[in-house]
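Visitor: Here are the chains, one letter per residue:
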Amino acid sequence: MIIAEQKPLAEVKALVADAQKVLVVGCGTCVTVCFAGGAREAAIMAASLRMATQLDGNGKEVAEVVVQRQCEWEYLDEIAQQVGEVDVVLSLGCGIGVQAMVEHFSNAWVVPGLNTSFLGLPTEQGVWAERCAACGDCILGLTGGICPIARCSKSLLNGPCGGSENGHCEINAEVPCAWQLIYDRLSSLGKLDRLLEIQPPKNWRTARDGGPRKIVRPDLRLPAEEE
Amino acid sequence: MNDNEFEPNIIAFCCHYCAYAAADLAGSLRLEYPTAVKVVELPCTGKLDVLYVLRAFENGADGVLVAG
Numbered sequence: 001m002i003i004a005e006q007k008p009l010a011e012v013k014a015l016v017a018d019a020q021k022v023l024v025v026g027c028g029t030c031v032t033v034c035f036a037g038g039a040r041e042a043a044i045m046a047a048s049l050r051m052a053t054q055l056d057g058n059g060k061e062v063a064e065v066v067v068q069r070q071c072e073w074e075y076l077d078e079i080a081q082q083v084g085e086v087d088v089v090l091s092l093g094c095g096i097g098v099q100a101m102v103e104h105f106s107n108a109w110v111v112p113g114l115n116t117s118f119l120g121l122p123t124e125q126g127v128w129a130e131r132c133a134a135c136g137d138c139i140l141g142l143t144g145g146i147c148p149i150a151r152c153s154k155s156l157l158n159g160p161c162g163g164s165e166n167g168h169c170e171i172n173a174e175v176p177c178a179w180q181l182i183y184d185r186l187s188s189l190g191k192l193d194r195l196l197e198i199q200p201p202k203n204w205r206t207a208r209d210g211g212p213r214k215i216v217r218p219d220l221r222l223p224a225e226e227e
Numbered sequence: 228m229n230d231n232e233f234e235p236n237i238i239a240f241c242c243h244y245c246a247y248a249a250a251d252l253a254g255s256l257r258l259e260y261p262t263a264v265k266v267v268e269l270p271c272t273g274k275l276d277v278l279y280v281l282r283a284f285e286n287g288a289d290g291v292l293v294a295g
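Note that the protein sequences, when read in sequence, are chains H and Y. Here the first sequence stands for residues 1 to 227, where the numbers follow my numbering. Here the second sequence stands for residues 228 to 295, where the numbers follow my numbering.
Keep in mind that the hints were calculated from the coordinates and are not lab data. Each residue gets a CB set at the ideal place from its N, CA and C atoms; glycine is no exception. Please note that the accuracy of each hint is not assured.
Stated by the list, open to error - So the derived list for chain Y, only partly shown, Cβ under 10 Å to chain H, looks like this:
id, residue
1, 275
2, 276
3, 277
4, 284
Stated by the list, open to error - Anything over 12 Å on all C-beta distances counts as not near chain H; from chain Y, calculated:
id, residue
5, 235
6, 249
7, 271
8, 272
Claimed, not checked - Simulated DEER-style distance windows between Cβ atoms:
id, chain 1, residue 1, chain 2, residue 2, range
9, H, 74, Y, 274, 31 to 37 Å
10, H, 139, Y, 245, 55 to 61 Å
11, H, 122, Y, 285, 51 to 57 Å
12, Y, 274, H, 73, 36 to 42 Å
13, Y, 235, H, 65, 29 to 35 Å
14, H, 77, Y, 245, 44 to 50 Å
15, Y, 252, H, 51, 30 to 36 Å
16, Y, 279, H, 59, 18 to 24 Å
17, H, 199, Y, 273, 46 to 52 Å
18, H, 208, Y, 273, 40 to 46 Å
19, Y, 274, H, 136, 42 to 48 Å
20, Y, 285, H, 142, 51 to 57 Å
21, H, 87, Y, 273, 24 to 30 Å
22, H, 102, Y, 254, 52 to 58 Å
Based on the sequences and whatever the hints tell you, model everything.
Guide: Below is the structure:
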């Protein structure tokens, strides 16, 4: 899922400083389960903004609403009226949610309340870790299901660098060396021979390096939309 | 009490099993506490959410007491 963190309240206050009416829009999907922008966080953000701006002597009207998925226009229709009644929309969705609203509500001023961090998973209560870099050309099948693109600091393809020490990365002793994890896993599964094949330089054109990405599925398009 | 003296409004979130029972007992014993203390019963203080505290302050509480 997409992992995000709330921006500091001071930064959020600055983003909505010019507005009198604010609508905080939470999202019921990824940022709900990483406790950054769900119903509860939206309510806390709205209450915090109301109180903080009141203490500053310029109390704002702050309402909150949550949509099931901010990243799909269909779910945004239900808040169209509320969006039209405010000066600024504070999105507690990921960066996709913010842009979905911008594209759907052409007259709305939408600002982000979160920093979208990475694609990852909760590894223990209150801890999230990156697992996927969305490189567009998955090699997990070669590496025992452990991603060296997302989890090796250098995204190496053919084993660890010299900075791998006792199973940890030189950038931080708390970061496991992805290649150590890969080696250990393949070793325990008796599949170390998988590592004998040398991987050529990765084609990064499928990643961000190839510019903004887009997928078109002709089989799913409606006849009227086909070019 | 002096009219000029500030009497804070306190919302007391009390656990059903201990602090709320104690408040009940205080009532049975005819013990008095200031009327500015408003007791809100929770099934457990583990039910307390930061939102409850924020809403209490937003609605004019000067202080919040959590007892459990």
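Visitor: A closest beta-carbon separation below 10 Å is what the hint needs, so does residue 284(Y) meet it against chain H?
Guide: With a closest approach of 7 Å, the residue 284(Y) hint holds.
Visitor: Within 29 to 35 Å: is that where the Cβ-Cβ distance between residue 235(Y) and residue 65(H) falls?
Guide: Given range 29 to 35 Å: holds, Cβ gap about 33 Å.
Visitor: Using the beta carbons of residue 74(H) and residue 274(Y), state whether their distance is inside 31 to 37 Å or not.
Guide: holds (35 Å)
Visitor: Can we trust that residue 235(Y) is non-interface, i.e. its beta-carbon lies farther than 12 Å from all of chain H?
Guide: holds (17 Å)
Visitor: Using the Cβ atoms, figure out if residue 274(Y) sits within 42 to 48 Å of residue 136(H).
Guide: holds (45 Å)
Visitor: Taking the shortest Cβ-to-Cβ distance between residue 271(Y) and chain H, state whether it exceeds 12 Å.
Guide: The assertion about residue 271(Y) holds, with a minimum of 18 Å to chain H.
Visitor: Is the Cβ of residue 272(Y) farther than 12 Å from every Cβ of chain H?
Guide: holds (18 Å)
Visitor: Per the hint of 40 to 46 Å, is the separation of the Cβ atoms of residue 208(H) and residue 273(Y) within bounds?
Guide: Given about 44 Å between the Cβ atoms, the range holds.
Visitor: Confirm or reject: residue 249(Y) is not an interface residue toward chain H, with every Cβ-Cβ distance exceeding 12 Å.
Guide: holds (30 Å)
Visitor: Quick check on the hint: residue 275(Y) CB to chain H CB, less than 10 Å?
Guide: violated (13 Å)
Visitor: Evaluate the given range 44 to 50 Å for the C-beta pair formed by residue 77(H) and residue 245(Y).
Guide: For residue 77(H) and residue 245(Y) the Cβ distance comes to about 48 Å; the hint holds.
Visitor: For the hint 36 to 42 Å, verify it against the beta carbon of residue 274(Y) and that of residue 73(H).
Guide: Given a distance of about 37 Å, which is inside 36 to 42 Å, the answer is holds.
Going down the numbered hints, you'll see the structure goes against 1, 11 and 21, while the others check out.
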